[in-house]
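Student: Work out the full structure, taking the sequences as your base and the hints as a guide.
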Amino acid sequence: MKRIALQTLQGQLKKEISKEDPILPFGPLFSKVFQLRNGSYVKLYDPYFLQHIKQLSPYDIERKIIDAKPVSNVPEIIVPSHAVYNEKNGLFTGYITPAAKGITLNQLDNRLSMKERTDLRQYADLYHLMEDFVKRANQAGFVFPDFCSLDNLYIYGKGNDRNLSMIDYDGMQIGVHPSMSFSTVLGNQNNYFIPKYWDNKKQLFNPNLDIKSLITEYFLMTFNINLAKVGEINPGTGKPVTLDDIFEQIQLDDDDFKHKVWKTFQPNGENEFLGDSVYRLAETHRLTYEKYRLSDIFPLPTELPDKDVVITQKRLIRK
Numbered sequence: 000m001k002r003i004a005l006q007t008l009q010g011q012l013k014k015e016i017s018k019e020d021p022i023l024p025f026g027p028l029f030s031k032v033f034q035l036r037n038g039s040y041v042k043l044y045d046p047y048f049l050q051h052i053k054q055l056s057p058y059d060i061e062r063k064i065i066d067a068k069p070v071s072n073v074p075e076i077i078v079p080s081h082a083v084y085n086e087k088n089g090l091f092t093g094y095i096t097p098a099a100k101g102i103t104l105n106q107l108d109n110r111l112s113m114k115e116r117t118d119l120r121q122y123a124d125l126y127h128l129m130e131d132f133v134k135r136a137n138q139a140g141f142v143f144p145d146f147c148s149l150d151n152l153y154i155y156g157k158g159n160d161r162n163l164s165m166i167d168y169d170g171m172q173i174g175v176h177p178s179m180s181f182s183t184v185l186g187n188q189n190n191y192f193i194p195k196y197w198d199n200k201k202q203l204f205n206p207n208l209d210i211k212s213l214i215t216e217y218f219l220m221t222f223n224i225n226l227a228k229v230g231e232i233n234p235g236t237g238k239p240v241t242l243d244d245i246f247e248q249i250q251l252d253d254d255d256f257k258h259k260v261w262k263t264f265q266p267n268g269e270n271e272f273l274g275d276s277v278y279r280l281a282e283t284h285r286l287t288y289e290k291y292r293l294s295d296i297f298p299l300p301t302e303l304p305d306k307d308v309v310i311t312q313k314r315l316i317r318k
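Residues in the sequence shown are numbered consecutively from 0, following numbering that gives the first Met the number 0.
Derived by calculation from the structure, the hints in this document are not laboratory data. There's no promise every hint is true.
Stated by the list, open to error - BS3-like, lysine-lysine: derived pairs with alpha carbons at most 27 Å apart:
no.	residue 1	residue 2
1	Lys-68	Lys-100
2	Lys-114	Lys-157
3	Lys-114	Lys-195
4	Lys-13	Lys-100
5	Lys-1	Lys-14
6	Lys-195	Lys-228
7	Lys-68	Lys-31
Tutor: Structure representation (structure tokens):
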């Protein structure tokens, strides 16, 4: 891994693109990200955070970055090009990474027309692209606890040429290097800091978690539904939201598909990729928008602004 002095970057900084995400108890900011004039990006860590993360956990960011190298079978992963050091004290302070191609999955979804948002085949293709990537990455020793953070996933190209890029190298679990972050979209930590997903002795997740993340992501992008709401109290009914509630709401009647989703909520047993089930669903069903009172929708927001407000929800219709 090439080294570069922080001080030499001062004149190359173009603009800051950081998000103000406080990560306690490590200080006000976990890191800041700047775009460089050559198009690359530099991620600079809060020194307080680096000091404490090294003392309190097995997470060694510096070693993880130094060990970084491209994986021939997983070229979609954006690998750091330089480790950044403060020449005044010789301490590691961050890394430089090439820019990712395309737009984030969030941006892609925002650009879709209403017609495109009901194209099940398109969502099947996107899911298949992500599943293929995750399978190859798992074989190479990667696990993505933060996979559902959609700003880390970039999509580019169209049709058969569509591909993806994955950023946030330090947030990935790579071999014995753990991840220090995970997607809050997956819900309560008690649901996945369990032996099925987490090796407490090694302090590492296993690929079962990626399958859960992929299925969660499919429901988010296809139906705008977060499966992590399962088990939460529906303020409209006063009862816990169940998987069957969600299946009924979107009219999902494919038993094999439902069983694969159900597996991700069980404390034991292996999860199963959706695989070709997403294409079978696209062959037998179409998506439509229907209007409902907010109080009838699953999952509901924590606070109901107006239980009688009318909103639209995607549902499946058999062809």
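Student: Each hint should be assessed against the structure and marked as holding or not.
Tutor: Hint-by-hint comparison with the structure:
Restraint check for Lys-68 and Lys-100: the C-alpha separation of about 19 Å stays at or below 27 Å, so the hint holds. Note on Lys-114 and Lys-157: the hinted pairing holds, with a Cα-Cα distance of about 17 Å set against a maximum of 27 Å. Taking the CA atoms of Lys-114 and Lys-195, the gap is near 39 Å; set against the 27 Å cutoff, the hint is violated. Between the alpha carbons of Lys-13 and Lys-100 the distance comes to roughly 19 Å, so the proposed pair stays at or under 27 Å and holds.
Taking the CA atoms of Lys-1 and Lys-14, the gap is about 23 Å. The hint holds against a cut of 27 Å. For the suggested pair Lys-195 and Lys-228, the alpha carbons sit about 20 Å apart, so the restraint of at most 27 Å is met. In summary, the hint linking Lys-68 to Lys-31 is supported, as the alpha carbons are separated by about 23 Å, within the 27 Å threshold.
Violated hint for the displayed structure: number 3, the only one.
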